[in-house]
Amino acid sequence: MTMYLTLAVILLVFVVIFQIAKASEYVAVLKGEEQNRKQTNKINGFLMVAFLVLGLIGVWYCNKLYFSKTLLSIDAASIQGEKVDLMIWWTLGVTGVTFIATQIMLFVLAFKYQEKENRKVYFFAHSTFLEVLWTSVPAIVLTGLIVFGLKNWAFFTSEAPKDAIQIEVTGKQFGWIFRYPGKDATFGKKYFKVIDPASNSLGLIWKDSADLNLKDDPFSHDDIVTEGTMYVVKGKPCKLIIGSRDVIHDVGLSQFRLKMDAVPGIPTTMWFTPKYTTEEMKTITGNPNFQYEISCDQMCGNGHYSMKGVIVVVSQEEYNAWLAKQKPYYFSAFPEKAPAEKAADATITATATTAVIADSAAKK
Amino acid sequence: MSHEATLHTSHDAHGHHDHHEHHQSFISKYIFSMDHKMIAKQFLITGMIWAVLGGLMSVFFRLQLGYPDTSFPWLEDILGKWAKGGHITPEAYYALVTTHGTVLVFFVLTAGLSGTFANFLIPLQIGARDMASPFMNMLSYWFFFLAGVVMLSSMFVETGPFSGGWTAYPPLSALGSASPGSKTGMDLWIVAMALFVVSSLLGGLNYIATVLNMRTKGMSMTRLPLTVWALFFTAVLGVLSFPVLFSGFILLIFDRNFGTSFYLSDIFVNGVGALPNEGGSAILFQHLFWFLGHPEVYIILLPAMGMVSEILSTNSRKPIFGYMAMVGSMFAIAVLAFLVWAHHMFVTGLNPFLGSIFVLLTLLIAVPSAIKVFNWLTTLWKGNIRFTPAMLFAIGFVSLFISGGLTGIWLGNSSIDIHLHDTYFVIAHFHIVMGVASMFGMFAGIYHWFPKMYGRQMNNTLGYIHFWVTMAGAYLIFWPMHYEGLAGMPRRYYDYSIWESFKQFEGLNRFISIVVIIVFMVQLLFLLNFFYSIIKGRKLTKQNPWESNTLEWTAPIHPGHGNWPGEIPEVYRWAYDYGKDGKEFIPQNVPIGDDESHH
Chain A
1 MTMYLTLAVI LLVFVVIFQI AKASEYVAVL KGEEQNRKQT NKINGFLMVA FLVLGLIGVW
61 YCNKLYFSKT LLSIDAASIQ GEKVDLMIWW TLGVTGVTFI ATQIMLFVLA FKYQEKENRK
121 VYFFAHSTFL EVLWTSVPAI VLTGLIVFGL KNWAFFTSEA PKDAIQIEVT GKQFGWIFRY
181 PGKDATFGKK YFKVIDPASN SLGLIWKDSA DLNLKDDPFS HDDIVTEGTM YVVKGKPCKL
241 IIGSRDVIHD VGLSQFRLKM DAVPGIPTTM WFTPKYTTEE MKTITGNPNF QYEISCDQMC
301 GNGHYSMKGV IVVVSQEEYN AWLAKQKPYY FSAFPEKAPA EKAADATITA TATTAVIADS
361 AAKK
Chain B
1 MSHEATLHTS HDAHGHHDHH EHHQSFISKY IFSMDHKMIA KQFLITGMIW AVLGGLMSVF
61 FRLQLGYPDT SFPWLEDILG KWAKGGHITP EAYYALVTTH GTVLVFFVLT AGLSGTFANF
121 LIPLQIGARD MASPFMNMLS YWFFFLAGVV MLSSMFVETG PFSGGWTAYP PLSALGSASP
181 GSKTGMDLWI VAMALFVVSS LLGGLNYIAT VLNMRTKGMS MTRLPLTVWA LFFTAVLGVL
241 SFPVLFSGFI LLIFDRNFGT SFYLSDIFVN GVGALPNEGG SAILFQHLFW FLGHPEVYII
301 LLPAMGMVSE ILSTNSRKPI FGYMAMVGSM FAIAVLAFLV WAHHMFVTGL NPFLGSIFVL
361 LTLLIAVPSA IKVFNWLTTL WKGNIRFTPA MLFAIGFVSL FISGGLTGIW LGNSSIDIHL
421 HDTYFVIAHF HIVMGVASMF GMFAGIYHWF PKMYGRQMNN TLGYIHFWVT MAGAYLIFWP
481 MHYEGLAGMP RRYYDYSIWE SFKQFEGLNR FISIVVIIVF MVQLLFLLNF FYSIIKGRKL
541 TKQNPWESNT LEWTAPIHPG HGNWPGEIPE VYRWAYDYGK DGKEFIPQNV PIGDDESHH
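If you read the protein sequences in the order shown, they are chains A and B. Using the numbering used here, the first residue of the first sequence is number 1, and each one after it goes up by one. Using the numbering used here, the first residue of the second sequence is number 1, and each one after it goes up by one.
Hints listed in this document are in silico derivations from the structure and should not be mistaken for laboratory results. Please read all numbers here as calculations on a predicted model, not as lab measurements. Where is the CB? At the ideal position from N, CA and C, for every residue including glycine. Heads up, some of the hints might be wrong.
The list that follows gives simulated cross-link-like pairs (lysine-lysine, DSSO-like), each with its CA atoms no further than 27 Å apart [claimed, not checked]:
| no. | chain 1 | residue 1 | chain 2 | residue 2 |
| --- | --- | --- | --- | --- |
| 1 | A | Lys-22 | B | Lys-542 |
| 2 | A | Lys-38 | B | Lys-583 |
| 3 | B | Lys-382 | A | Lys-42 |
| 4 | B | Lys-29 | A | Lys-282 |
| 5 | B | Lys-539 | B | Lys-29 |
| 6 | A | Lys-189 | A | Lys-38 |
If we take Cβ atoms under 10 Å as the criterion, some of the chain A residues that face chain B in the derived model are [said to hold, decoys possible]:
| no. | residue |
| --- | --- |
| 7 | Lys-83 |
| 8 | Leu-130 |
| 9 | Glu-131 |
| 10 | Leu-150 |
| 11 | Ser-158 |
| 12 | Pro-197 |
| 13 | Ser-199 |
| 14 | Ile-248 |
| 15 | Gly-252 |
| 16 | Asn-289 |
| 17 | Glu-293 |
| 18 | Tyr-319 |
Turn these sequences into a full structure, and let the hints steer you where they fit.
Now the structure itself:
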């Protein structure tokens, strides 16, 4: 019922506006086109300035309402993020000044040079000086931004420091799986055809398989696998080795100001150094429910919007305590082997010392 | 079917209707027409239908974003199972978002914009009787029409239309098992897009051939109006880049249906198991897609730039400032358009060095863009501006182009994009600079050339209302989205309530949704004005209502097939002699006077 009522009201408004517009056209014809044009010109000229003034007030007001909700209002939570923020501020400075200057010019010129009787227009078709001026000034300013940007880009995409914590992140519809290399500091090999969602969500190779030509990889035996939540250490670089099990996802870390796609078949990497623990961020943001969220930022299907992960940033001691509690994923698949834990550990540690720590993660 | 035949039939044309047209049946005049003007109108009206559908889709998904907790029972009446209990389902939400993007980008702002104005303006402004190949031109429209029919039919299949985003990235788009929308709906989507590519190639080749070969006597390339230059560059971009998209789609069809692994590797789908594919690259598709996708942005934008240049100059009663710089900057944009595609892929794991090169080339585009903006501003300076509705939309275009162009400098720099990629900041950026700005260009074009199309005037008051509400609305909708993006809010989310970082924008989302509905209503007012004016608008009394210099206004008020009843006018000057030597305007077909000054 309300629906029909709303429709009727809208229709009525339409008819009224339309009739007014038609009437104004008759008036225009009666008054003569010239006269009418002068009048509408005045109105629109005034509206140009009104739009400019209201628009600039609107920009200020919008900023007042929402700036505190953006990430720029709080410190970036990673050393990479600091640089992103600085980059944004510089770019905002350059584009902001240009924005205000050109918008003012546009609307003021439109207002000032609205049609007037007796005005002779200035036949001005070309000026090499002006054209060179506004080719070179933007070019110089942009060069600055490019240099500044590429310097940061080189840093963001550089090799992670050697002491970085390595974590493998795998996206799947619709959640995140994290893997830590365990005591041997080496990720075991995996192969997607041995994935079993119930017991081997990443397809770790821990069984020989003649069909698939696979050999049990002992490095996989101590790998720790968790879902949903990931732990990293404040002040310690953290390298993510990112992949996907099905479609393309994206590891979006807005507080750290970074993101990287998770592509099936092609591992990607990203590293960052967290600056604040989750607890500290609760104070900084004033939000007791604060958490570092991993948002999927690449359309991945109908559950895309719910593909959430959580990063908990803790101190080294808390991290060690957490890690000590984690059981290798191997034992959840082979509970019968759990008693043999000690023996297996010994051999693995021995091999680990000679092993080259490489991105063997997603290689099969 | 060659233009020779067209020339002969129209040479003896006189008055509003020539002999030829008297014999034309309804079908050959209005449906399978080979007259470029009629084909232009077909493109325009089909484009409008798609614009209404695409716009309506955005109203539906904005309802979900603005009112995630409210049930609208009438939505279930309209959408059935896609809005169970009055809530749009995630499946339907993603299908709406995807179709909105596809339809607006391709059907409205490519076919609707280029198809309309390239067809209508190229022959009339260069002084040709018709396109180089009127038959191909007709085919171009009918392929577009077919593409539309197939796209529309995809909305009625059991598993729903394609829902993986307009960019159709595999593996999501390749695997029916990963998303119901990637089943039959995706097959139809690809077929529709393939037909669309054929349409735009047939059109584009024709536009290029016409501009190069069929200019009237005296119409050298450097005397072309900027509209024609813009439409010419647009056609070149389309012809060079659409085939690449097409090849990308062919590979996608193979992966979907014939078991190849161009884009697929190492995939395990929940509930299905591991797929046999190995060795493909999902990123390959993105390269092929964006090799079209980025030029596509300029395919959409350049026609609007051309028309805006023309309209700003005409209504400022002053020559366009820096004509050669305008052509040069469009050329630079057209070249650079092919060299920046990977800036959409900074966070795909692209080689960082390659990323650096694309940063450089991307930000380089800001230079020709800046030249254009300053030249437009200088065109207004010391002019004598008439605020016709077309002029208002042209000024609005410049404002939006500035606002959206500047945020391009943010996103083009990979070290900012790494944070803002795929957030609402991106939505704000491309909607302002490409979506709304080009739409403004299209509106400007419609208001300006409506009298030439139909021999009648549109209602100005409605035009003014249309402009001011749309202008304010565009900023109210998209400006605040920058702030959402700066908070990291991702795009393509159905619901933000589980996200501690993003749910704070609930109120703002609602505000945006309300403005969307109002702005959509005002577009309906525009349509009312358009269709009412076709039938009952004020009849045109002057052949040249805007006192414009270009050739189309030398044709009769109702030009027949062949455009000029007698000889085609000869051209003696460029199109921008406004206010020269104290004269209000000097059309292109007026010979240079003895005492005329040089510029």
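Evaluated hints:
{"no.": "1", "hint": "A:Lys-22 / B:Lys-542", "in the structure": "21 Å, holds"}
{"no.": "2", "hint": "A:Lys-38 / B:Lys-583", "in the structure": "20 Å, holds"}
{"no.": "3", "hint": "B:Lys-382 / A:Lys-42", "in the structure": "17 Å, holds"}
{"no.": "4", "hint": "B:Lys-29 / A:Lys-282", "in the structure": "70 Å, violated"}
{"no.": "5", "hint": "B:Lys-539 / B:Lys-29", "in the structure": "22 Å, holds"}
{"no.": "6", "hint": "A:Lys-189 / A:Lys-38", "in the structure": "78 Å, violated"}
{"no.": "7", "hint": "Lys-83", "in the structure": "7 Å, holds"}
{"no.": "8", "hint": "Leu-130", "in the structure": "7 Å, holds"}
{"no.": "9", "hint": "Glu-131", "in the structure": "5 Å, holds"}
{"no.": "10", "hint": "Leu-150", "in the structure": "5 Å, holds"}
{"no.": "11", "hint": "Ser-158", "in the structure": "8 Å, holds"}
{"no.": "12", "hint": "Pro-197", "in the structure": "7 Å, holds"}
{"no.": "13", "hint": "Ser-199", "in the structure": "14 Å, violated"}
{"no.": "14", "hint": "Ile-248", "in the structure": "6 Å, holds"}
{"no.": "15", "hint": "Gly-252", "in the structure": "6 Å, holds"}
{"no.": "16", "hint": "Asn-289", "in the structure": "6 Å, holds"}
{"no.": "17", "hint": "Glu-293", "in the structure": "5 Å, holds"}
{"no.": "18", "hint": "Tyr-319", "in the structure": "22 Å, violated"}
When each numbered hint is compared with the structure, violations occur for hints 4, 6, 13 and 18.
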